[in-house]
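Visitor: Protein chains in written order, with the working numbering: chain A, 1 to 132; chain B, 1 to 132; chain C, 1 to 132; chain D, 1 to 132.
Quick caveat, the hints were computed from the structure, so don't treat them as lab data.
Since this is a predicted model, take the numbers as computed values, not measurements.
Possibly wrong hints are sitting among the right ones.
What the hints assert, rightly or not - Which chain D residues face chain B? A few, computed with CB under 7 Å, are given here:
1) E78
2) K80
3) T127
Stated by the list, open to error - Only pairs whose alpha carbons sit at most 27 Å apart, straight line, appear in this in silico DSS-like list of lysine-lysine:
4) D/K100 <-> A/K100
5) A/K119 <-> A/K100
6) C/K100 <-> B/K97
Ideal Cβ positions, reconstructed from N, Cα and C, are used throughout, including at glycine.
Protein chains: 4
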Amino acid sequence: MESRVRESFERQTFMSTLGARLISVSAGEVIIELEHREDLVQQNGFLHAGVTTAVVDSACGYAALTMMPEGSDVLSVEFKVNLLSPAAGSRFRAVGKVVKSGRTLTVCQGEMIALDSGKTVAIMTATMIASR
Amino acid sequence: MESRVRESFERQTFMSTLGARLISVSAGEVIIELEHREDLVQQNGFLHAGVTTAVVDSACGYAALTMMPEGSDVLSVEFKVNLLSPAAGSRFRAVGKVVKSGRTLTVCQGEMIALDSGKTVAIMTATMIASR
Amino acid sequence: MESRVRESFERQTFMSTLGARLISVSAGEVIIELEHREDLVQQNGFLHAGVTTAVVDSACGYAALTMMPEGSDVLSVEFKVNLLSPAAGSRFRAVGKVVKSGRTLTVCQGEMIALDSGKTVAIMTATMIASR
Amino acid sequence: MESRVRESFERQTFMSTLGARLISVSAGEVIIELEHREDLVQQNGFLHAGVTTAVVDSACGYAALTMMPEGSDVLSVEFKVNLLSPAAGSRFRAVGKVVKSGRTLTVCQGEMIALDSGKTVAIMTATMIASR
């Protein structure tokens, strides 16, 4: 299961563009971390909402993949993100968890935590679909 | 109005990291374009949903900013994205439009169009807040 | 197609509890209307957001059903509603439209219009699934 | 705080139309319950998604109100609902909780639990705004 996720994560070149690292993979939960970089920010110097979305989406997607039958691939159907606080700090952790896993669709919730402050800076609810 | 948006867009270093360019700014509508690059993809070689979200979010945010009083800054409160088709192709256009502009909150809708095929690959609804 | 939608709409007893009427059914678009009633309001006397959601969700769901193969039933996977203005007025029209119709999932957008003022009081994006 | 919420809840005539009862009010959390009724269903005999949304939205809104300054009223800005399972059963509990409370906006998460089975049938993320 972990090797399946790692192999797919490595094909997501955007994750390495962001400097994101896959930290842990367990049944129904995936953690990704990344560091603040000056080339990833919005107009006030905080991490761009698109960066936050990218890593939480990948964490949710791979959390979903851990619950899907072997040979499945996972695609995001839709997600919704609430940005609770500016993504300020030097290190961030994206956690994605499966809330409900079905044959076709899997619903996940995720969050982005600013590790310096411990604050949750964003929350996501996502629907993922299994494909073959 | 356009210079206000351009100035803020240039401070969004993440936009230049993605190779995104601000194409047009009018009252209540902003267009951003970007090209496919091999370092922006998910596991199947399509643009990562985080890339799509980033540029449509910026297009929506700046569309909102065009309707806000001078001296305002804009922040994303929340957004929801539906991914309609894989983001396949060589060039993409993000269009953000204001649906309802209020004193505090502005609601926008946006889309990402794959210019090769003309397909809308993603739609967004976003809530933006004016800050000072 | 229309009889299929009408027959299902009539089994939605909640629609008649709300006094909602199915106005029109065409390929990819369904319209439902309802009147303001004193027993459908929130604390300020406007239509409750749950009433608005109910009729726009049904309009979107049946719009999706018009694009599904015969013998399908439709279920809401998820929706997101932005409440743009208080639902003030005496009559309301919910319009649901298909944005992207797929084999399994159909994405719709809907709105609630206050007919007295012509204002769009709420917008919805919804994902519907076909079942057998 | 509780009397402020109860007083507003009683003005929401739609809650009594649904037979919904305010069960508990504490700082940042509100619980509402309702029973299955044959006049509240969709085409398969399950609670209509609009009913679920109505009670979870009210639970979230009043949870937000508990964190707002005296004299505030609360309005829903937007919400997103994922329907995890058919709302089957005889009794349901809607729980709304504050995730992040700010001066203007409050973000809540809520769920609808089918009490017979203990299943969470729907989850909501909502943004609420304080008005005077």
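Visitor: Would the pair D/K100 and A/K100 pass a check requiring their Cα atoms to be no farther apart than 27 Å?
Guide: Answer holds: D/K100 to A/K100 is near 24 Å, not above 27 Å.
Visitor: Let me know if the C-beta of D/E78 comes in closer than 7 Å to any C-beta of chain B, holds or violated.
Guide: holds, 6 Å
Visitor: Check the hint pairing A/K119 with A/K100 against an upper bound of 27 Å on the C-alpha distance.
Guide: Roughly 25 Å separates the two Cα atoms, so the pair holds.
Visitor: Under the criterion of a CB-CB separation shorter than 7 Å, is D/K80 in contact with chain B as hinted?
Guide: At about 6 Å, which falls below the 7 Å cut-off, the nearest Cβ of chain B leaves the hint on D/K80 intact, so it holds.
Visitor: Is the hint on D/T127 kept, meaning its closest Cβ partner in chain B is under 7 Å away?
Guide: Holds, because the Cβ-Cβ distance from D/T127 to chain B comes to roughly 6 Å (cut-off 7 Å).
Visitor: Would you mind confirming whether the straight-line C-alpha gap from C/K100 to B/K97 stays at or under 27 Å?
Guide: holds, 20 Å
The structure is consistent with each of the numbered hints, conforming to all of them.
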